[in-house]
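Asker: These protein sequences, in sequence, are chains A and B. Position one of the first sequence corresponds to residue 807 (this note's numbering), numbered consecutively onward. Position one of the second sequence corresponds to residue 807 (this note's numbering), numbered consecutively onward.
Wrong hints could be hidden among the right ones.
It does not matter which identical chain is used: a pair holds within one copy or between any two.
Stated by the list, open to error - Straight-line Cα separation of at most 30 angstroms, DSS-like style, residue types lysine-lysine; simulated pairs:
no., residue 1, residue 2
1, 1195, 1142
2, 939, 855
3, 870, 821
4, 821, 1142
5, 1067, 1124
6, 855, 1027
7, 870, 1142
8, 1124, 870
9, 939, 1067
10, 939, 1027
11, 1067, 1027
12, 855, 870
13, 1027, 1195
Simulated from the structure, these hints should not be mistaken for laboratory data.
There are 2 protein chains.
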Amino acid sequence: VSFRSGERATADELKMNVSLILLDRETSDFGGVFTRNRFPGAPVIIGRKRLDEPAVRGVLINTKISNVCTATGEADAGALLTRLADILGARPEAFFPASTGIIGWRLPVAEMAAALPGLAASVDSSSLLALAKGIMTTDAFPKVRSATVGRGRIVGVAKGAGMIEPNMATLLCFLLTDVAVPREELREHLAWCVERSLNRLSVDSDQSTSDMALAFSSGMKGPADPGEFREALLSVLNGLAFDIVRNAEGVGHVVRVRVEKARDEQTGLGIARAVVNSPLVKTAMFGNDPNVGRLVSAIGDYLGNAGLSVDGNRMVVKMGGEEIFGSGCFRLDAGKEERLSAYLRQRVIEPGRKPWPGHDLTIDVDIVMDGSGPGVQVLGTDLSYDYVKENADYRS
Amino acid sequence: VSFRSGERATADELKMNVSLILLDRETSDFGGVFTRNRFPGAPVIIGRKRLDEPAVRGVLINTKISNVCTATGEADAGALLTRLADILGARPEAFFPASTGIIGWRLPVAEMAAALPGLAASVDSSSLLALAKGIMTTDAFPKVRSATVGRGRIVGVAKGAGMIEPNMATLLCFLLTDVAVPREELREHLAWCVERSLNRLSVDSDQSTSDMALAFSSGMKGPADPGEFREALLSVLNGLAFDIVRNAEGVGHVVRVRVEKARDEQTGLGIARAVVNSPLVKTAMFGNDPNVGRLVSAIGDYLGNAGLSVDGNRMVVKMGGEEIFGSGCFRLDAGKEERLSAYLRQRVIEPGRKPWPGHDLTIDVDIVMDGSGPGVQVLGTDLSYDYVKENADYRS
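For reference, chain A alone in the conformation it holds in the complex (with noise of 0.2 angstroms):
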């Protein structure tokens, strides 16, 4: 993969990493998905005003503060990027602004413009992990993940702490690969992966003002099977995506909720996102209390308002594996509870903890319905004294 990246600290006061992904040359194979929120920040704005472009060259990234919400957002990002190109001999166009932080507030532009030099000449080619560090906020380690296709690779790299400081808990994610893409093919198969993966986690059931995932193809490797490329760069984002749901200080778990046969995939996305934002579920999971009471009552919430009506003797509900509900009843019993109660103990994941090949630390809570839909899964959390605590000192 053809991309350099670097990172250069600003003002001390602020503590704010420059950060910027710099592609050996412009390609015009290139594609964004950004958050629906209907307050973006100007990054977002420019951004999508970008995916019009022959071609671009890079992304210059900060941390601390998202610019969004102030007066002269989109004026203080094309400052720092003609500064940027400048320096590099480039348009100022060919870059991708990002930024995560803190909302209405002005970027520091003289400040961040005096870092630019610095960091165009601290580009390294030789690994992510740098990039990965520098666009960090809250995240309590770098998320890089990666997967060989063709006779290339896809390497991507994200920040996103829901749980804690969740002003900053902009989610963005850069995907860069060398296996030749063409344009409108690589934004297909990212919008398709993205939905399938970054849209189907939820921390804290919002998404930012600022969320972004970029792709890049450089086209070095020569191109592969779509398809194959297709579920390599699902791989990578849903590593991601677990990356980012688990990070937290405030996670205690990860819950899966998987749902089969649905009257339809929207249908099992709605099921599945109304257990897992469910406070009352996910302090269940918190207190490592298999709550099927709480998991019924979500699901049947949410098909209710959604005036859908499902057939509860055949519904079939499962935690780790073991029934839990099942023709219109709980199935539980005092060796099953203490059974679950055990297996949600040691899905704990402490701080520092981190899970290893095989030992997978998701709580898995399976739904079977009577319907014909596609098996469908969100990732989500617990909620936790912590969740409550990060979340409430944040700017105190």
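We have chain A; now place chain B onto it with these hints.
Answerer: Below, chain B alone, put in the same frame as chain A:
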């Protein structure tokens, strides 16, 4: 108002209360509104059928077990009503069952039946307070509201403590009036008023499997103006809704979100609910943090997901009457932040603290858009340590 109520504890271990609402005679002028949850309990299933009865006489209510998702739920409730009817010389079909408590457990029918003679003998028409106390579960105080209309009154009692022990957080509400309101008119008033009161509060964002609101008119004091009756009924229900939200131990603040000039009523309600249910807004309120970014992000997230656009430059957001967002930018300065933080601290509901006339304990968030929809309001709560504690510890 001609009714009687009583309560009687059954098995000590369960600490279950059984209460009875007994009208002096059957009335054909009654109505009910039930949960939309698709997995309703036996009392809701039976209650819906009761709406077709020519006349009814009362309600048998129990706490501790909600009679939901068991194989024998309807039969168990039916057996108890048959026993009650035997004792009173009435028809079993003349009684509604109502239950609140744990999902998935069977009612202790024999123990409850043994308590019914004493309960029937204990009914008392002097005050609703015994009833309001008898149906409490984790409620911190009994909830009774009344209003005068025409030559009569409307009195209402309710229970509901969503912030703690949410499997018991069923919202039960019983309304009694001696104003003569014909059956169909009463049902229309009830549906209209519940939609604008109980259905516009959100604590856990779930509706339980057992929620119900029932209304009975004895007609003894003759008719009243329909518009005045509706207004009085709405005031009783709004009072009960506020009592329910401010009730629970886990609540630090009551948050009232008012939306004006949205595109339409549904959009206004969607925006208000999105703000009230946002975990990020809720934790900020708990932390006494006038966090404009989270408010704006929650609104933008809702609008984006709903596929609605809005001119952010024409939206104004106020907290406690102070403009905090306008013309697409934050309207904050140090002095305003300090005032708003003080405003939030003043409104903390300390344990045992009750609002008194003229002292409003809600945090007001007012959102004015540029559409033509009617004004709407939704009540919610903050998200506190106690919320997580009570909900995570419930069953362990």
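Asker: Check each numbered hint against the structure and report the violated ones by number, ascending.
Answerer: Result: hints 9, 11 and 13 break, sorted rising.
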